[in-house]
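K.L.:
Here is how the chains run, residue by residue.
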Amino acid sequence: MIALLIRDLRLAVRAGGGFGLGLAFFLLVAVIVPLGVGPEPATLAKIAPGILWVGGLLACLLSLDRIFALDFEDGSLDLLATSPLPMEGAVAIKAVAHWLVTGLPLVMAAPVLGVLLNLPLPGYPWLVVSLALGTPALSIIGAFGAALTVGLKRGGLLMSLLVLPLYMPTLIFGAEVVKRGAAGMAVATPLALLAAITAGALALLPFAAAAAIRVNLR
Amino acid sequence: MSLLVAHNLAVARAGVPVLEGVSFTLTAGRALVLRGPNGIGKTTLLRSVAGLQPPLQGQVKAAPDAIAYAAHADGVKPTLTVAENLAFWAQVFGTDAVETAIDRMNLRALTERRAANLSAGQKRRLGLARLLVTGRPVWVMDEPTVSLDVASVALFGDVVRDHLAAGGSALIATHIDLGIEADVLDLTPFKALPAAMGGIASAFDEAFT
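Chains as they are written, first to last, in the working numbering: chain A, 1 to 218; chain B, 219 to 427.
Keep in mind that the hints are not guaranteed to be accurate.
Negatives, chain B to chain A, calculated, CB over 12 Å [claimed, not checked]:
(1) Val251
(2) Gly276
(3) Glu317
(4) Ala327
(5) Glu330
(6) Ala369
(7) Glu399
(8) Ala400
Here are some of the chain B residues that sit facing chain A, going by a computed Cβ distance under 10 Å [what the hints assert, rightly or not]:
(9) Arg265
(10) Ala268
(11) Asp283
(12) Tyr287
(13) Phe306
(14) Trp307
(15) Ala308
(16) Phe311
(17) Gly345
(18) Val358
Honestly, the hints are just simulated from the structure, not real lab data.
Where a beta carbon is used, it is the ideal one built from N, C-alpha and C, also for glycine.
Chain B extracted, bound-state conformation (with noise of 0.2 Å):
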């Protein structure tokens, strides 16, 4: 079953276009891992599937309420607790799972910490585990394993195999091996030729002609 289809997608950073032609499936179960060299485009298709930027061309196929988010940046406030900041994550996405996430994602022993005194890694986890309390199935990652320890990489690998295992499905950008059995989509074929060589026009240049 296809949890989300992606067809021809074309987009762009800051109106230049960087990937085109891009076209994929999750299918529950299967996770998708994204490569290609830096700024080949992962975030801004990321983005544009997580829906918070449109695509030049093409759709993103997907049923409302699907994708779950991660971004560079964990989202963590500050000044809440772990157990506060992933408490606010699930009443907002409606789900009580907020105690599974944190011991699934070993922040037990850190739940009335607060977030600024947690450790790079630490705040990582915490990050992580709010995809636990969204409940959503179609998990679109950004370089998750980034900043955490072998061990952490392995225990989060392990994460995402049980939420494959449950129906669930993943699309991650990632360069490390998270243990997991994964389709691998190199973007690299797929870079935006520019206009003057047959490339789709940029957003730049539409609003001038």
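Same shape as in the complex, but just chain A (with noise of 0.2 Å):
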């Protein structure tokens, strides 16, 4: 297990791995949407927690399709599959070490970019600890959703479309612990969803991902 998580991370920072695809995705969404929606403090601030939680669904979606399809190809997948791992661990350490390479990353960067978008003060503890705890439910999540189109050629758009539906409620919820953090409210209750969600992602989907996968390789 720790074997693949160490391989997939080698893999991620070496050349063409993908690391730093999402974050510079992250990065780009931050600078860009302050010059289109104009410099207005008031404006920013109000759209500010949505900016930085779209951003960082979609900079974790851009690298999904990575996560098993270059395995399939060179037909790692394969011999994975026969090896002593079981499918389920696999597909948990790959998660795993997706959000490792993406999502920690934009964890990591996100309070630096809510000054780009005036982020209220009382907003950022809240915005790291709903990305912290909302990431990982999107890296399992799709996961799974690169599970389901795992051998289909150019299968990204289809993983997209299955996989953005599934995000809905974490981006409802993690969005709204950093708009009601921001705005000084209690957060306890959007707070207390996310974390459901990512429980319940965490503890079924590497079920799923894994006989999805299974029927994929027959």
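Combine the two chains into a complex, taking the hints into account.
P.N.:
Listed below in structure tokens is the structure:
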């Protein structure tokens, strides 16, 4: 398991591995939006939570098809399926690797980009907390979508269509946490729901994704 | 001692039955070579034996964790070095045979080279070296000698012979003589008949009846 995690992280940071792709996209969104909507601080402060969460979500989506597609193309997925690693574990590890490469940098970069969008001061801790709780769900749901479409040539569009609706609850509650936090209101309810979605996804989706891969490898 | 028994196997490719009634036994120390024209279903049969797809009929009996599968694709990661590629699989299979595998498949001079910079034959040698680090008794190989030169084929023949001598077994789909003493199973007589002529109904039809 650890070997697979180390391999995936190593592949991600080597040339062409896609490390930083999501982060660069997130950065671009946060930089471009103020140029598009104009510099009024009040407007930016109002849309900042939503923009930061939408940017983070799309940045995650961008690198999803790499989770299994590369391993499928070069035959590693067949070999992993016949190895002693349980497929469920392999899926979970690959989602963890995706989160470490994409989600974690987003969590860490978000406060800096919050400044660009004039996020009100009380919102910062909640931005970090909500992304830290929500992005693991994005990675594991994404791994499930990637598992469903593995083996399809250019399945990226289909995967986006499958995954985006599943992302909505996370997006809604995540942005709500930041919005309420920024306005100084209580955040417990959306935060609990966000955490519940992540916990549920982490518990169930590795099994669904592993089943989908087994069917796709036939 | 039989390591793997396949009984009355019928396999389908993309829902269409290609082979039926295939039975064979792999015993320790013996290799079985599968032959047959292109498209007869060698790869499909091997994937069923390796457990990647369920057979339509029949069963494969083997000890759990007995089979190491080597497909057409080598599963080599281009941005990892030769040693890193092998070390990964050694960790996955819980063995420490990396150094032996490197020496046996003549990869010593290439250990620090990224797999992307290997020639097709060198990459194939790396893919086959993976079998050595699995530490599993039954090697299921699909055209292992593709893109290997004569010397490498001989080298690989030696590796397989030693594996058999150590009590292992091998199921090989190949057209080339590996220079090992092996039983040959020609798959041509097992070609699946169309359902109308008494063959088994395809999995595709089952979904609609």
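K.L.:
Run every hint past the structure and note whether it holds.
P.N.:
Hint by hint, here is what the structure shows:
no.: 1; hint: Val251; result: holds (21 Å)
no.: 2; hint: Gly276; result: holds (16 Å)
no.: 3; hint: Glu317; result: holds (17 Å)
no.: 4; hint: Ala327; result: holds (22 Å)
no.: 5; hint: Glu330; result: holds (14 Å)
no.: 6; hint: Ala369; result: holds (25 Å)
no.: 7; hint: Glu399; result: holds (27 Å)
no.: 8; hint: Ala400; result: holds (22 Å)
no.: 9; hint: Arg265; result: holds (8 Å)
no.: 10; hint: Ala268; result: holds (5 Å)
no.: 11; hint: Asp283; result: holds (6 Å)
no.: 12; hint: Tyr287; result: holds (4 Å)
no.: 13; hint: Phe306; result: holds (5 Å)
no.: 14; hint: Trp307; result: holds (8 Å)
no.: 15; hint: Ala308; result: holds (8 Å)
no.: 16; hint: Phe311; result: holds (6 Å)
no.: 17; hint: Gly345; result: holds (8 Å)
no.: 18; hint: Val358; result: holds (9 Å)
In terms of the numbered hints stated before, the structure departs from none.
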